[in-house]
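Chemist: These are the residues of each chain, in order.
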Amino acid sequence: MKRLSTFLVVMLCLGYAFFYIPILSMMFFSFNKSKLATVWGGFSFDPYVRLFKTNAVWDAAGLSLMIAVISATFATILGTMAGMALARFKRFPGRTAFSGLVTSPLIMPEVITGISLALLFIGIGYATGLMRGATTITIAHITFSMSYVAVIVQSRLASMDRSVEEAAMDLGSKPAQVLFDVTLPIIAPALVSGWLLAFTLSLDDVVITTFTNGPGSTTLPLYIFGQARLGVKPEMNALATIIVTLVGTGVAIAGILMHRAEQKRLRDERQAYAANK
Amino acid sequence: MPDDGGKPQSGPIWLDAAAKPFISIEGVTKRFGSFTAVDNVTLKVFKGELFALLGGSGCGKSTLLRMLAGFETPTEGKILIDGQDMAGIPPYERPVNMMFQSYALFPHMTVEKNIGYGLKHENMSDAERADRVKMLIDLVQLGQFAQRKPHQLSGGQRQRVALARALAKQPKLLLLDEPLGALDKKLREQTQFELMNIQDKVGITFIVVTHDQEEAMTLATRIAVMDKGVIRQTGTPTEIYEYPRTKFVADFIGSINQFEGEVKSSKKGFVTVSVPLTNTEMTVPHDRDLPEGSKVAVAVRPEKLTITRKAPAKGVNAVTGTVVDLGYFGKDSLYRIKLASGALVRVNHVNSKRAGEGERVAVWEDKVWLTFDPSSAILLAE
Ligand SMILES: Nc1ncnc2c1ncn2[C@@H]1O[C@H](COP(=O)(O)OP(=O)(O)OP(=O)(O)O)[C@@H](O)[C@H]1O
Ligand SMILES: [Mg+2]
Numbered sequence: 128m129k130r131l132s133t134f135l136v137v138m139l140c141l142g143y144a145f146f147y148i149p150i151l152s153m154m155f156f157s158f159n160k161s162k163l164a165t166v167w168g169g170f171s172f173d174p175y176v177r178l179f180k181t182n183a184v185w186d187a188a189g190l191s192l193m194i195a196v197i198s199a200t201f202a203t204i205l206g207t208m209a210g211m212a213l214a215r216f217k218r219f220p221g222r223t224a225f226s227g228l229v230t231s232p233l234i235m236p237e238v239i240t241g242i243s244l245a246l247l248f249i250g251i252g253y254a255t256g257l258m259r260g261a262t263t264i265t266i267a268h269i270t271f272s273m274s275y276v277a278v279i280v281q282s283r284l285a286s287m288d289r290s291v292e293e294a295a296m297d298l299g300s301k302p303a304q305v306l307f308d309v310t311l312p313i314i315a316p317a318l319v320s321g322w323l324l325a326f327t328l329s330l331d332d333v334v335i336t337t338f339t340n341g342p343g344s345t346t347l348p349l350y351i352f353g354q355a356r357l358g359v360k361p362e363m364n365a366l367a368t369i370i371v372t373l374v375g376t377g378v379a380i381a382g383i384l385m386h387r388a389e390q391k392r393l394r395d396e397r398q399a400y401a402a403n404k
Numbered sequence: 015m016p017d018d019g020g021k022p023q024s025g026p027i028w029l030d031a032a033a034k035p036f037i038s039i040e041g042v043t044k045r046f047g048s049f050t051a052v053d054n055v056t057l058k059v060f061k062g063e064l065f066a067l068l069g070g071s072g073c074g075k076s077t078l079l080r081m082l083a084g085f086e087t088p089t090e091g092k093i094l095i096d097g098q099d100m101a102g103i104p105p106y107e108r109p110v111n112m113m114f115q116s117y118a119l120f121p122h123m124t125v126e127k128n129i130g131y132g133l134k135h136e137n138m139s140d141a142e143r144a145d146r147v148k149m150l151i152d153l154v155q156l157g158q159f160a161q162r163k164p165h166q167l168s169g170g171q172r173q174r175v176a177l178a179r180a181l182a183k184q185p186k187l188l189l190l191d192e193p194l195g196a197l198d199k200k201l202r203e204q205t206q207f208e209l210m211n212i213q214d215k216v217g218i219t220f221i222v223v224t225h226d227q228e229e230a231m232t233l234a235t236r237i238a239v240m241d242k243g244v245i246r247q248t249g250t251p252t253e254i255y256e257y258p259r260t261k262f263v264a265d266f267i268g269s270i271n272q273f274e275g276e277v278k279s280s281k282k283g284f285v286t287v288s289v290p291l292t293n294t295e296m297t298v299p300h301d302r303d304l305p306e307g308s309k310v311a312v313a314v315r316p317e318k319l320t321i322t323r324k325a326p327a328k329g330v331n332a333v334t335g336t337v338v339d340l341g342y343f344g345k346d347s348l349y350r351i352k353l354a355s356g357a358l359v360r361v362n363h364v365n366s367k368r369a370g371e372g373e374r375v376a377v378w379e380d381k382v383w384l385t386f387d388p389s390s391a392i393l394l395a396e
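Chains as they are written, first to last, in the working numbering: chain F, 128 to 404; chain B, 15 to 396.
Derived by calculation from the structure, the hints in this document are not laboratory data. Worth double-checking, as some hints may not be accurate.
[To be verified] Keeping only pairs whose Cα atoms sit at most 27 Å apart, straight-line, the calculated DSS-like set for lysine-lysine is:
1. K301/F - K92/B
2. K163/B - K199/B
3. K148/B - K301/F
[Stated by the list, open to error] Among the chain B residues that face chain F by a calculated CB cut under 10 Å, a handful are:
4. P105
5. L119
6. H122
7. T124
8. A176
[Stated by the list, open to error] Covered stretches of chain F, going by a simulated chain B footprint (3 or more residues, C-beta under 8 Å):
9. 274 to 281
10. 342 to 350
11. 391 to 397
Positions of the beta carbon are idealized from the N, C-alpha and C atoms, including for glycine.
Kindly produce the complete structure, drawing on both the sequences and the hints.
Modeler: Right, dumping it as structure tokens:
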């Protein structure tokens, strides 16, 4: 190993400090006995106890999760269809317009998407009596997260060997069957990452949700945002700490699983070549 | 027009004018934009044939095969399989299976599932299906790998899975795109043999694409030599090797020496060609009428030249030069002779007598004569 110069070590530590000190201090203050977020009043679990007694938090979290699961699922289905159309059909009437529409939420400022959706839902509300709330939030989330899925699926399909699908067709499968037997299983990892991305995008969206929510439909980010405007309370620190811990554990487990899979793949490959000798 | 090689006689089916071809490719052209990948190809393949499409990289072999399988639509012309026009018939309804150049294995399925995939559309019991898969796995000797996924296999093993998968449905026509490219020499010969065996057993018609002329010669009943989308010649391996029609075919199949010249006189089935390069005249048989003065080449395979140190009698086809290169391969030797004009001629000399050191027919710097029988030379027109 090459020795790191003092300069590099200092820069590295500063970098880590920049990323982690805010999170660590937030975690630290989540055990604050004082009700004021920034004044240390001694160690205690009180903020957690108070948090667990606040029903509004759990309602908001439940709503957020529900919206995230439903919108990610629909976004994956619709986004996959859009991605396939873009990857597989090089020419059809309106392709350019379609392609622009699919990718526009990626580049459009969120406020603008939010305003336009709000106007749309208000209009629909007048016409049909649809109340703004969980449904409109879900529809809005599907709208922007399917763009991400479409882009992921499109690039995955572009790099996929088409002859595999041709082989399935050659062996007697009709196109629909080829899709389920071959194409979807092969691009499954892209679908999973698309779903996860849509899920996280929905889970932490504030701007578009603000424009499309209605009375009684407060998602978790909206709730936290609302609370923080009244001054950061230790309960919010506690909630954030819980979320960070959950996410951190999830990432660590995923990392370990991926490492194991990679190891297994390498082992298998070596075995294959050894057996071929 | 296809060149069916020679006059009709009883024997091979392709010489029978009344025989119905199994596959009939009629004036097929395929263009990608302004690029012509396959150019007005007409070809007849008969039941039970093992037909080879031979040609260099990018000459349109795969494209022609893909049109037969139904993945590409001909820009012009039509394709009939078993008398049925294939226009508009999708790949999954054609009585054809294909082994892809890239293997195209299903990466998420085991070897067993890959091979059995086509059988799920077949009307057979589970036990029959399992039997068929087992038989195919044994055939390609992949028994111990049945539960592996393609990424856990070496290139040659993958190729064998692809072959077994294409054979599974026992199609009427099997298209093989470079089926043996990734195999080592021994396995390759073994698999060639297996292919011929399988073909004998199940009687299906094979069209094999290859750029390896030796493979084509060993495997095929007939060969079509392709170049830039055009079929240059069709015939049995012997016809293609012994009677190439053009310089391209002669060059492509094996090596050949060409002496360019002009027709001087022509009588009784023989022409005399004056060859300025060697300052001699050569007599060769011909079956076409060539006017005096037309540009031709006399082509002789290296193994059909005799090398001597004695000047030959007058009237014998001969050229003279000095030995510049000598390769000793045990059973034969390869000489390269430099003519006065500077051109190099290759000669294969079979070492039929046991020779001690220094007793060779000729060694470096020797002045030698090369003679050949008129009947072993070929006359190639431009
Ligand atoms: N979809 C396509 N679009 C444009 N050009 C194509 C397409 N498919 C093939 N070609 C061109 O057609 C020509 C013939 O291709 P083909 O794959 O038939 O060659 P091949 O004889 O099989 O060569 P190889 O021995 O290298 O496999 C090539 O020049 C190739 O670039
Ligand atoms: Mg090819």
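Chemist: Please go over all the hints and tell whether each is borne out by the structure.
Modeler: Structure-based check of all given hints:
no.	hint	verdict
1	K301/F - K92/B	23 Å, holds
2	K163/B - K199/B	25 Å, holds
3	K148/B - K301/F	26 Å, holds
4	P105	5 Å, holds
5	L119	7 Å, holds
6	H122	5 Å, holds
7	T124	12 Å, violated
8	A176	8 Å, holds
9	274 to 281	violated (count 0)
10	342 to 350	violated (count 0)
11	391 to 397	holds (count 3)
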